[in-house]
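Following the hints, put chain B in place on chain A, whose structure we already have.
There are 2 protein chains.
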Amino acid sequence: MTPRRPSLAVVGATGATGGVMLQILSQHADVWGEVSLIASPRSAGRKLVVRGEETEVLELTEDAFDGVDVALFLVPDDVSARWAPIAASKGAVVVDDSAAFRLDADVPLVVPEINPHAVRMRPRGIVASPNCTTASLIVAVGALHAEFGLRELVISSYQAVSGAGREGVAALREQLSMVAGTELGTKPGDVRRAVGESEDSPFAAPVALNVVPWAGTEAGDGWSSEELAIRDECRKILDLPNLPVAATCVYVPVVATHSMSVHARFENEVEVDRAHEILATAPGVVLFDSPASGDFPTPSDVVGTDPTWVGRVRRALDDPRALELFVCGDNLRKGAALNVAQIAESVAAEFPRA
Amino acid sequence: MTPRRPSLAVVGATGATGGVMLQILSQHADVWGEVSLIASPRSAGRKLVVRGEETEVLELTEDAFDGVDVALFLVPDDVSARWAPIAASKGAVVVDDSAAFRLDADVPLVVPEINPHAVRMRPRGIVASPNCTTASLIVAVGALHAEFGLRELVISSYQAVSGAGREGVAALREQLSMVAGTELGTKPGDVRRAVGESEDSPFAAPVALNVVPWAGTEAGDGWSSEELAIRDECRKILDLPNLPVAATCVYVPVVATHSMSVHARFENEVEVDRAHEILATAPGVVLFDSPASGDFPTPSDVVGTDPTWVGRVRRALDDPRALELFVCGDNLRKGAALNVAQIAESVAAEFPRA
Numbered sequence: 020m021t022p023r024r025p026s027l028a029v030v031g032a033t034g035a036t037g038g039v040m041l042q043i044l045s046q047h048a049d050v051w052g053e054v055s056l057i058a059s060p061r062s063a064g065r066k067l068v069v070r071g072e073e074t075e076v077l078e079l080t081e082d083a084f085d086g087v088d089v090a091l092f093l094v095p096d097d098v099s100a101r102w103a104p105i106a107a108s109k110g111a112v113v114v115d116d117s118a119a120f121r122l123d124a125d126v127p128l129v130v131p132e133i134n135p136h137a138v139r140m141r142p143r144g145i146v147a148s149p150n151c152t153t154a155s156l157i158v159a160v161g162a163l164h165a166e167f168g169l170r171e172l173v174i175s176s177y178q179a180v181s182g183a184g185r186e187g188v189a190a191l192r193e194q195l196s197m198v199a200g201t202e203l204g205t206k207p208g209d210v211r212r213a214v215g216e217s218e219d220s221p222f223a224a225p226v227a228l229n230v231v232p233w234a235g236t237e238a239g240d241g242w243s244s245e246e247l248a249i250r251d252e253c254r255k256i257l258d259l260p261n262l263p264v265a266a267t268c269v270y271v272p273v274v275a276t277h278s279m280s281v282h283a284r285f286e287n288e289v290e291v292d293r294a295h296e297i298l299a300t301a302p303g304v305v306l307f308d309s310p311a312s313g314d315f316p317t318p319s320d321v322v323g324t325d326p327t328w329v330g331r332v333r334r335a336l337d338d339p340r341a342l343e344l345f346v347c348g349d350n351l352r353k354g355a356a357l358n359v360a361q362i363a364e365s366v367a368a369e370f371p372r373a
Numbered sequence: 020m021t022p023r024r025p026s027l028a029v030v031g032a033t034g035a036t037g038g039v040m041l042q043i044l045s046q047h048a049d050v051w052g053e054v055s056l057i058a059s060p061r062s063a064g065r066k067l068v069v070r071g072e073e074t075e076v077l078e079l080t081e082d083a084f085d086g087v088d089v090a091l092f093l094v095p096d097d098v099s100a101r102w103a104p105i106a107a108s109k110g111a112v113v114v115d116d117s118a119a120f121r122l123d124a125d126v127p128l129v130v131p132e133i134n135p136h137a138v139r140m141r142p143r144g145i146v147a148s149p150n151c152t153t154a155s156l157i158v159a160v161g162a163l164h165a166e167f168g169l170r171e172l173v174i175s176s177y178q179a180v181s182g183a184g185r186e187g188v189a190a191l192r193e194q195l196s197m198v199a200g201t202e203l204g205t206k207p208g209d210v211r212r213a214v215g216e217s218e219d220s221p222f223a224a225p226v227a228l229n230v231v232p233w234a235g236t237e238a239g240d241g242w243s244s245e246e247l248a249i250r251d252e253c254r255k256i257l258d259l260p261n262l263p264v265a266a267t268c269v270y271v272p273v274v275a276t277h278s279m280s281v282h283a284r285f286e287n288e289v290e291v292d293r294a295h296e297i298l299a300t301a302p303g304v305v306l307f308d309s310p311a312s313g314d315f316p317t318p319s320d321v322v323g324t325d326p327t328w329v330g331r332v333r334r335a336l337d338d339p340r341a342l343e344l345f346v347c348g349d350n351l352r353k354g355a356a357l358n359v360a361q362i363a364e365s366v367a368a369e370f371p372r373a
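Going down the list, the protein sequences come from chains A and B. With the numbering used here as the guide, the letters of the first sequence map in order to residues 20 to 373. With the numbering used here as the guide, the letters of the second sequence map in order to residues 20 to 373.
Don't read these hints as lab results, they were simulated from the structure. A virtual CB, placed ideally from N, CA and C, is assigned to each residue, including glycine. It is possible that part of the hints are untrue.
Short, incomplete list of chain A residues facing chain B, as computed with Cβ under 7 Å [stated by the list, open to error]:
(1) L77
(2) G168
(3) S175
(4) N229
(5) T324
(6) D325
Just chain A, with the same shape it has in the complex (with noise of 0.2 Å):
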């Protein structure tokens, strides 16, 4: 008998997310056995490359599940919650990237370089993948968790618009043509006449010559609920469910890559030194930190690649618990794609291989 590796679905194969994932899957070609893309009705009948096969994607229905291992669902909050759980009925374990299973008590809530074990507690058969801020964050944090014990968190992000899917993209795309090549960004409101009201943009001001602080809806209280999403995400992550917490978002003229700059106290006293150590032999982490010769992470030097790059790395000067980090992640692998392959990876492993 043949080794059988196990089968996987992509359902949102179509989306932003979904195309990173399918650059995924040809460059871990060997994990997966029969690999079936799935979409919404309007999607289905197109042909993508996978693994350098032209795949039609299928709709999505019950059906669609038949005979899946895992089902990887890279797709809005609401179908997620519709469909994961019929496809765990019929048997896959479910990967999911949206936000509707991550604080589930009975759903994972899983990066495989801090907490790999928690994968498999999973009775409802969903395992989740965080938000794409908590995810870059949390390999850098977790590690330095683990040395130095930590006791709070306070985090400003610099977020690319891609966290706000392609319409994102496209508002920032649009808007930069309207304003390059003139003097606008001097006068009140000189770039928000220029760029409209009126567009199809996913932000409440413009995007191109500015930055916005606010990302999500509003989750009560003033908040955001991207910035309750990063409290909530790293108190289950770390299984700290006290982990004081104060998240900033806001979203930058930058098209892919999160950046986040970290305030982070521990209970025992640091060294840059020790941090550094850690931070370079990390899973996950680059470090990249030699600001004389200019060398600190930068959005446009990270988008693209795997890891969570950190520089700036320095310990308070008033208080010698605390450490100040500057941390990228590209929002579309780590923070997306990439996170949920990881996951998917590891169920694999459980499947036998003779």
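Coordinates of chain B only, in the frame set by chain A:
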């Protein structure tokens, strides 16, 4: 005898901050008697309009300060360090926008909304105006400090490229023209290759479609000079010499107006309603905080205005003594020319008027 209005000299009249100063002088035309414009030999002889009159720019010499009551210095640190004491020795009160004297114990560092009294204690005849980030920030934070008692600041900046001078703006404009209409920003280094390494940019990385977590020069232990300036200047202006301050300074592709994400911890418990009341009535502050209506400050709306705009006011969920704020201020106005003009006007008020 006619009351004499004090005479004014503007040193650095031909620079970016000088240009904004000439606008402000024209708006506040009744404060000053004779206004002379002074610049380096390279720019001397040019004619600029101030208060509606063409005025020839004089060369920076000792004689240029003859009969000058108040001299505004809007020049690089080294020029101020050399020439401000000369102007003071000739009897002018110097208001200096450079970093040369900000931390000098014999030079007050003044933001008139916060520490107006300090302007009169100037043993060297020099008054300093703070860094552009500090000036906008402190107007909001100082008002809250007066009520709640500030105990700690964690700040991440979103700084406009004009903070790096006209070269910064030119670099952003040029780079935007290179990336607009392209698909750049999705592959490692694609923006860096497109905008080139050799151009005359003051930034160590591309600033279009990117963020650059470095501002100023190396200041030891991984900190940048701009980050330490915020710490030192907040401490001095608030007269809190031991205040813990951790700042991370990051350039973003915005022409003018610095933004800051602020985590402020106080001695006493804070209430958002009371913070709103304080900020709504604080001099030099505009409260703009209703995210449900899209009301939060962004650089594109704040640029060209005088006040510090504050929004996104939340109480930290895990610390009843901490507030999160998002603060925007035009770095060329309150962050530079406006604060200098305000200091100068408070000096002008000392002159007898009858």
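Here is how each hint holds up against the structure:
1. The interface hint given for L77 (chain A) is violated, since its Cβ lies 28 Å from the closest Cβ of chain B, which is over the 7 Å cut-off.
2. Look at G168 (chain A): its Cβ only gets to about 17 Å from chain B, farther than 7 Å, so that hint breaks.
3. Hint status for S175 (chain A) relative to chain B: holds, with the closest Cβ pair at about 4 Å, below 7 Å.
4. A least Cβ separation of about 4 Å between N229 (chain A) and chain B falls short of the 7 Å threshold, and the interface hint therefore holds.
5. Interface restraint check: T324 (chain A) against chain B, minimum CB-CB distance 6 Å, threshold 7 Å, status holds.
6. Taken as an interface hint, D325 (chain A) does not check out: its beta carbon lies about 11 Å from the nearest beta carbon of chain B, beyond 7 Å.
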